[in-house]
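Residue numbers (the working numbering), protein chains in the order written: chain X, 76 to 246; chain P, 3 to 517.
In case anyone wonders, no lab produced these hints; they're calculated from the structure. Heads up, a few of these hints could be off.
[As the list claims (entries may be wrong)] List of simulated lysine-lysine pairs, BS3-like, C-alpha gap at most 27 Å: (1) 186/P to 506/P; (2) 78/X to 506/P; (3) 153/X to 506/P.
[To be verified] Per the computed footprint, the stretches of chain X lying under chain P, defined by three or more beta-carbons under 8 Å from a beta-carbon of chain P, are: (4) 118-127; (5) 163-176; (6) 216-225.
Glycine is no exception: its CB is placed at the ideal position from the N, C-alpha and C atoms.
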Amino acid sequence: MWKIVRQIARHGIRTEDAPFATGDDSPAAVQRIREEILSIIGQALAIRVVDSGSCNGCELEINALNNPYYNIEGLGIKFVASPRHADMLLVTGPVSRNMEQALRRTYDAMPEPRLVVAVGDCGSNGGIFGESYATCGGVSRVLPVDVVVPGCPPPPIEILRGILKAVNRRR
Amino acid sequence: MRIPGLDLPFAALPAPVPVWRATVDAAQWQAAAVAVAQAGGRLVALWGSDRSAGGDTLLAVCAAYALKEGMAWLDLPLAQGRASYPDLSTVFPFAARMERAAADLLGITADGLADTRPWLNHGAWPGDFLPLRQQAAPDARPGTPQDYPFVRVEGDGVHEIAVGPVHAGIIEPGHFRFSVVGEKVLRLEERLGYTHKGTERRFTTMPPLEAHKLAGRVAGDSTVAFAWAFCMALESACGCTVPDRAHWLRALMLERERVANHLNDLGFLGNDAALGFGLAQFSRLREDWLRLSREAYGHRLMMDGIVPGGVAVDVDAAMGERFARHCDAVEAEVRVLAGIYESHAGLQDRFATTGKVAPDLAAQLGLTGLAGRASGQGADLRCDQRWLPYDRLAVNRALSTQGDVAARVAVRLHETFESLRLVREICAQMPGGDIGAVPQLPARGGVGAGWVEGWRGEVFVALELRADGSIGRCHCHDPSWQNWPAIEHAVMGNIVPDFPLINKSFNLNYSGHDL
Numbered sequence: 076m077w078k079i080v081r082q083i084a085r086h087g088i089r090t091e092d093a094p095f096a097t098g099d100d101s102p103a104a105v106q107r108i109r110e111e112i113l114s115i116i117g118q119a120l121a122i123r124v125v126d127s128g129s130c131n132g133c134e135l136e137i138n139a140l141n142n143p144y145y146n147i148e149g150l151g152i153k154f155v156a157s158p159r160h161a162d163m164l165l166v167t168g169p170v171s172r173n174m175e176q177a178l179r180r181t182y183d184a185m186p187e188p189r190l191v192v193a194v195g196d197c198g199s200n201g202g203i204f205g206e207s208y209a210t211c212g213g214v215s216r217v218l219p220v221d222v223v224v225p226g227c228p229p230p231p232i233e234i235l236r237g238i239l240k241a242v243n244r245r246r
Numbered sequence: 003m004r005i006p007g008l009d010l011p012f013a014a015l016p017a018p019v020p021v022w023r024a025t026v027d028a029a030q031w032q033a034a035a036v037a038v039a040q041a042g043g044r045l046v047a048l049w050g051s052d053r054s055a056g057g058d059t060l061l062a063v064c065a066a067y068a069l070k071e072g073m074a075w076l077d078l079p080l081a082q083g084r085a086s087y088p089d090l091s092t093v094f095p096f097a098a099r100m101e102r103a104a105a106d107l108l109g110i111t112a113d114g115l116a117d118t119r120p121w122l123n124h125g126a127w128p129g130d131f132l133p134l135r136q137q138a139a140p141d142a143r144p145g146t147p148q149d150y151p152f153v154r155v156e157g158d159g160v161h162e163i164a165v166g167p168v169h170a171g172i173i174e175p176g177h178f179r180f181s182v183v184g185e186k187v188l189r190l191e192e193r194l195g196y197t198h199k200g201t202e203r204r205f206t207t208m209p210p211l212e213a214h215k216l217a218g219r220v221a222g223d224s225t226v227a228f229a230w231a232f233c234m235a236l237e238s239a240c241g242c243t244v245p246d247r248a249h250w251l252r253a254l255m256l257e258r259e260r261v262a263n264h265l266n267d268l269g270f271l272g273n274d275a276a277l278g279f280g281l282a283q284f285s286r287l288r289e290d291w292l293r294l295s296r297e298a299y300g301h302r303l304m305m306d307g308i309v310p311g312g313v314a315v316d317v318d319a320a321m322g323e324r325f326a327r328h329c330d331a332v333e334a335e336v337r338v339l340a341g342i343y344e345s346h347a348g349l350q351d352r353f354a355t356t357g358k359v360a361p362d363l364a365a366q367l368g369l370t371g372l373a374g375r376a377s378g379q380g381a382d383l384r385c386d387q388r389w390l391p392y393d394r395l396a397v398n399r400a401l402s403t404q405g406d407v408a409a410r411v412a413v414r415l416h417e418t419f420e421s422l423r424l425v426r427e428i429c430a431q432m433p434g435g436d437i438g439a440v441p442q443l444p445a446r447g448g449v450g451a452g453w454v455e456g457w458r459g460e461v462f463v464a465l466e467l468r469a470d471g472s473i474g475r476c477h478c479h480d481p482s483w484q485n486w487p488a489i490e491h492a493v494m495g496n497i498v499p500d501f502p503l504i505n506k507s508f509n510l511n512y513s514g515h516d517l
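Construct the entire structure; sequences and hints are all you get.
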């Protein structure tokens, strides 16, 4: 136990300032974003992620958002296991036809406001896979998309920016 | 190259790893499988190809075997009007899914294969639409997903738990059907294919010199391994010699990719056994690692860093020095964390004896790569064949015979330390010179093979170039094809709540498998 405590104490808090869609990265802005999420969503922002056929590169970067540098739970954002608990759907991949139905059902299971963020070049427009017998060619072919985050894959900070942008748009 | 008891006309392909190719008939096809299995060789991949020309339908099925001397690529052309070949799953059980995939993509079937359910085609496109046939239409009429006849387990108190394709965590989609009594798993059946995105057909529409980008997106966590294997195959088909320095730079990226993935898995394995501290610490190390990759290569995962003929980005002496110093720091940290993991009773209680695949079962199932090395299957291409630069680095093979989650954690730790050493060695020993050559496409078409030991296991690419300079066929093989069926065995008799831990300890690929 003491080894764990010593390791935690040695490294301290590594969280970095959050990026904002506005470009203002001050501590006051952190407070403001928390308040905005609260006023717009009414609670902490719960996100459900669906991989609709990505190469898993986007998943790696979304997972990285959970590491200590980004501290998204400190901003009031949390990834959840059920779409029924989610305010936002984060979708990666070009939407494979084999995932199309599961993606629609996940969306249908969500309560309002049902924000949708398409992550990565594939989610934006099908990316390198495009549209084919096996892919729909992007999330917007299947669901109404609020924000797209281009990149292959977009780094965690850009994904966070996209999430915050989508929240702001529902003001 | 010789397969015992057979006289096959092998021709060597020009590749840095030893690869031979031979055309066989149906009898030799079957005899070769038996002979390879008896000689202790492995089936690496099985795939089909449509080489139709001038109105004739010319189909073929191919198998790649790993033997002591190297790789043997056997090519069985199917006679006109025939679309079947002898089944290999009686010799190599994991071949069954590859044969089912070949049936879905090309309409070629294995004679006698017991399980003929579609594997990649879930009903979202018509059953008679064969995407890898040359005359296939550009698009298919979308269909609705069909029910899949899972094997039912009957008995008193047996019930089913259906999981997926959308999973609880931030992971790739797939379906797991558990038959359980109480909390004990009697049987698991996997259904994959959800991320199938027509990757192999997409290859045939890309110029060969740009298709490394697609290869680098077969699986994001193995982007370096697949891009290297593809480029090796292309260079082999083109007879292009890659400068020595580029080989070293490629290996540097491959080892960096291995470390990044092992750090990730080690964190998640702690987390799945309820030690969130482990994830926080390892994910911090991983983030530092990726940020340095971004500085050096302009991309956190090093995508598109490997290009036909060499690499896109050089690493200068100053960056090499930073890599080496960073390895020192990461090594010290991982040693502390490994000590904590090893002395944590709660963690070891979850890890030890969980999800066990004993060595004899592993051999029977063809378990490969990292998971294989945790179950006594020692194959590691970096040690088994002499190829630049690994022949200069004397890679220390990780091996355990325990076969449980603890063993897969131990192998990851061993390989993390070893790859940190390799990164330092590579930076210290790397020769000077060019970092790339320009491959010239062969005027009359050609074939090439690429074979690389990725972090998960051996990645293989078989490439056929046409005379018109296009890609006729590009098959990408991920070791997950071998290892997915083994998870069905690993979970038997375990409790349902241990499944996420067991699954994570393998951490297999969906995208690279579904293609």
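query: Of the hints stated earlier, which fail here?
result: The structure breaks only hint 6.
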